[in-house]
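Using the sequences and the accompanying hints, generate a full structural model.
Here full-length UniProt numbering is used: the first residue of the sequence shown is 1, the next is one more, and so on.
Accuracy of the hints is not assured; some may be wrong.
Unchecked claim - Cross-link-like lysine-lysine pairs, in silico, BS3-like; alpha carbons within 25 Å at most:
1. 131 <-> 121
2. 131 <-> 143
3. 77 <-> 65
4. 129 <-> 143
5. 100 <-> 114
6. 90 <-> 100
Said to hold, decoys possible - Pairwise CB distance ranges (calculated):
7. 10 <-> 76: 48 to 58 Å
8. 118 <-> 151: 46 to 56 Å
9. 109 <-> 140: 37 to 47 Å
If you are wondering where the hints come from, they were derived from the structure by calculation, not from laboratory data. In this text the structure is predicted, and so the values were computed from the model without any measurement. A virtual CB, placed ideally from N, CA and C, is assigned to each residue, including glycine.
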Amino acid sequence: MILHIILIAVLIWSSFDEHIDASAGGGGGSAIDAVMVDPGAVVQQYNRQQQQQASSKRAAEQREKQAQQQAEELQEKQAAEQQRLKALEKERLDAQEQAKQQADQQKQAQEAAKEAQEQQKQAEAAAAKAKADAKAQADAQAKSQADAQAKAA
1 MILHIILIAV LIWSSFDEHI DASAGGGGGS AIDAVMVDPG AVVQQYNRQQ QQQASSKRAA
61 EQREKQAQQQ AEELQEKQAA EQQRLKALEK ERLDAQEQAK QQADQQKQAQ EAAKEAQEQQ
121 KQAEAAAAKA KADAKAQADA QAKSQADAQA KAA
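Structure follows, in structure tokens:
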């Protein structure tokens, strides 16, 4: 309907631009301005425009659908990448925690070894002292026996 109105307006507008001689009709009669419109051609043009509009609408819908699908795929890829990065970060934190635990265990083992070494030194010192005390006691006893024998003699 709108196309018909536009077509009629164009035809009327174009008729203002034409200059037709009034005496062009032949034997001195008056010429009549007339425009012949082929209804079949108008219908054909209208149908062609409708098909073009439908085709462009389908193409736009297809492009929109494709863009939406690409956006969804991109979102899925981003989510997968985020999940992968999250897993890597968790793995890194686990490895860091494990390394920390190993360092703590190693430190505890070193402290235990140091403590055992210290206890061994103390035990050796105590044994040396006990040996020295025993020797001193034995020397004192031997001396007192020697003194007793010297007095007795």
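Results for each hint:
1. Between residue 131 and residue 121 the CA atoms are separated by roughly 15 Å; this keeps the pair inside 25 Å, and the hint holds.
2. Pair hint residue 131 plus residue 143 holds up; C-alpha atoms about 18 Å apart against a cutoff of 25 Å.
3. Taking the CA atoms of residue 77 and residue 65, the gap is about 18 Å. The hint holds against a cut of 25 Å.
4. Among the hinted pairs, residue 129 with residue 143 is consistent with the structure: their alpha-carbon atoms are about 20 Å apart, no more than 25 Å.
5. Distance restraint check for residue 100 and residue 114: the Cα-Cα separation of roughly 21 Å lies within the 25 Å cut-off, and the hinted pair is therefore satisfied.
6. Distance hint between residue 90 and residue 100 is fulfilled; the C-alpha atoms sit about 15 Å from each other, no more than 25 Å.
7. Between residue 10 and residue 76, the C-beta spacing of about 52 Å keeps the proposed range 48 to 58 Å intact.
8. For residue 118 and residue 151, the hinted distance range of 46 to 56 Å is satisfied, since their beta carbons lie about 48 Å from each other.
9. Between residue 109 and residue 140, the C-beta spacing of about 46 Å keeps the proposed range 37 to 47 Å intact.
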